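> If you read the sequences in order, they're chains W and Z. Last residue of the first sequence: 47 in the numbering used here, with the numbers rising by one and none dropped. Last residue of the second sequence: 540 in the numbering used here, with the numbers rising by one and none dropped.
Possibly wrong hints are sitting among the right ones.
Claimed, not checked - Mimicking DSS-like on lysine-lysine, the simulated pairs with C-alpha atoms at most 27 Å apart in a straight line are:
{"#": "1", "chain 1": "Z", "residue 1": "Lys415", "chain 2": "W", "residue 2": "Lys(-3)"}
{"#": "2", "chain 1": "W", "residue 1": "Lys(-9)", "chain 2": "Z", "residue 2": "Lys123"}
{"#": "3", "chain 1": "Z", "residue 1": "Lys123", "chain 2": "Z", "residue 2": "Lys411"}
{"#": "4", "chain 1": "W", "residue 1": "Lys(-3)", "chain 2": "Z", "residue 2": "Lys164"}
{"#": "5", "chain 1": "W", "residue 1": "Lys(-11)", "chain 2": "Z", "residue 2": "Lys160"}
{"#": "6", "chain 1": "W", "residue 1": "Lys4", "chain 2": "Z", "residue 2": "Lys123"}
{"#": "7", "chain 1": "Z", "residue 1": "Lys358", "chain 2": "Z", "residue 2": "Lys415"}
{"#": "8", "chain 1": "W", "residue 1": "Lys(-2)", "chain 2": "Z", "residue 2": "Lys411"}
{"#": "9", "chain 1": "Z", "residue 1": "Lys123", "chain 2": "W", "residue 2": "Lys(-11)"}
{"#": "10", "chain 1": "Z", "residue 1": "Lys126", "chain 2": "W", "residue 2": "Lys24"}
{"#": "11", "chain 1": "W", "residue 1": "Lys(-3)", "chain 2": "Z", "residue 2": "Lys126"}
What the hints contain is simulated information worked out from the structure, not anything from laboratory work. Remember, it's a predicted structure, so these values are computed and weren't measured experimentally.
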Amino acid sequence: MIDKDKIITLDKKIMCLRKIAEDILENGRDIEAVRMNTKRILASIRMLEINVSDALLCMEKR
Amino acid sequence: MESSRSVEMMNNSIYWNPILETLRPEDLKILQLKKFKRIFEWAYCNSPFYGRLYKQTGIEPADIKTFDDIKMVPKIDKAVLRDVQTRQPFPYGDILAVPIEDITAFRQTSGTTGTPVYQADSWQDWEWWSECWAYILFAQGYRSTDRVFIPFGYNVFVAFWAGHYAAEKIGCEVVPGGVLDTEARILKMQELRCNSFMATPTYVLGMADTAKKMGIDPAKQLFIEKITCAGEPGASISATKKRMEDAWGANVYDHIGATEIGAWSYECKFKPGGLHVNEAFFLVEIEDIETGDIIDEPGKSGNMIITAFDRIGKPCIRFDSKDVIKWADYECACGRTFRIIDGGVIGRSDDITKVKGVLLAPTAIEDVVRSIPELGYDYEVIVSKRGDIDDILLKIEIMPEYSTRKDAILINLKDQLRVKTNLGYRIEVCPYGTLPRYDVKSRRFKDMRKH
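Turn these sequences into a full structure, and let the hints guide you.
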């Protein structure tokens, strides 16, 4: 079993990653190469959230 | 660049994701309830079809507070999905929960049970598909050092598409065996010393057969260490699994998935006798076929109702798959806390049919045929009426080297069929190599009676 603190640390970094990707999407929306590649990055970030951040959903009270 | 130490750590790990695969069962339940609420709300708000369905039933996201509340959510099945896609907008109807511009892939079901169901996936859904498969392949020992051959006609069927992407995600070297014929595939596997491949059980056996005809013994002259099966139940049928493992001198693993669901279950390297359900990604409910009650205890079979928590383009919520499964009463030595379904999918509630008044599951016939080494891999069952009486014709092939022992083989076959299925059969022995061979889903059971 992975330590909850480690998951919290990873989750914070994943949130930062999402914020950066969303900022890039917002600022580069008019450039197709930026928009479409960032959408792909966001899909990969979503996989990190499913694999890591979601675990916190069941650890809130622990 | 990744350090050699981190690659070594990955290769020594048992789990693709220890965070979810070793969650305590009580935590998994909490996670499942929260994820169910999330996908339910997503579909309610974004898919016109689901929104209408739930509003008509009088259920809304705030109503889902406990596991018992999930039972109130209406089920869907393949007939519903077929009906939706006959409506506008073309081609998926109004079931999508993302704009059509976000759809990046089309797949369809094989059509074994009727009109194919169209499946739309966004890029995120496709990432998710390969993520599901990464859990499977990693549990079966695939690592970045593997060279994986995929002898699959890349087409509209999802089959091994996600296996391909997942193998790449894990870091394997993938060799796509697309349009090559079987002989060319075998030669390419030999040339590149591929150590693993993915195929339907029928094709795994068919390839071994072809290799032998080419003068190549797959167990000795090829380099295959592991094979992942899909599409048919064979790899969970012990007689078929043994035939494949003997023919290739390799470990054979099963996995279960479906186009409209995702890849939801997998056998791990420890081969406990069943398959783990990826309970962090899917909610599997087993429903008593007679009463509709949810079965939580091991050993009692029922119909599977399944929800994919993270599929957003065309959500799959409380889908009645017609698969018959049962929870295992044992745990796995691998340490995963994901529950196990004993023996994989043990039948289909729409396949199990009454013949001569006896319930017959086609998998029981396969189990018998594949357990007799003198018989060929391929067979066909045709149920029809002779007058008012049901008739079962079983077409088989005898391996050429055993053709002189035909009478003894047939007596053994009839005896075993009688014991395992409680039914009598007409047997037709076909010349070896004449029965249909399948490289995707086989259609061996044909019920020609008018119902």
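> Determine for every hint whether it applies to the structure shown.
Outcome of the hint check:
1. Between Lys415/Z and Lys(-3)/W the alpha-carbon distance is near 39 Å, which puts this suggested pair outside the 27 Å criterion.
2. Restraint check: the Cα-Cα separation between Lys(-9)/W and Lys123/Z comes to about 22 Å, which is no more than 27 Å; the hinted pair holds.
3. Proposed proximity of Lys123/Z and Lys411/Z is supported: the alpha carbons are some 26 Å apart, at most 27 Å.
4. Among the hinted pairs, Lys(-3)/W with Lys164/Z is inconsistent with the structure: their alpha-carbon atoms are about 37 Å apart, more than 27 Å.
5. With a CA separation close to 32 Å, the supplied pair Lys(-11)/W and Lys160/Z exceeds the 27 Å bound.
6. Only pairs whose Cα atoms come within 27 Å are accepted, and Lys4/W paired with Lys123/Z is accepted, the gap being roughly 24 Å.
7. A C-alpha spacing of about 21 Å is found between Lys358/Z and Lys415/Z, which places the hinted pair at or below 27 Å, so the restraint holds.
8. Taken as a hint, the Lys(-2)/W and Lys411/Z pair is broken in the structure, with Cα atoms around 42 Å apart against an allowance of 27 Å.
9. At roughly 18 Å between alpha-carbon atoms, Lys123/Z and Lys(-11)/W fall within 27 Å of each other, so this suggested pair holds.
10. For the suggested pair Lys126/Z and Lys24/W, the alpha carbons sit about 25 Å apart, so the restraint of at most 27 Å is met.
11. Simply put, Lys(-3)/W and Lys126/Z have alpha-carbon atoms about 24 Å apart, close enough for the 27 Å limit, and the pair holds.
In terms of the numbered hints stated before, the structure departs from hints 1, 4, 5 and 8, listed from lowest to highest.
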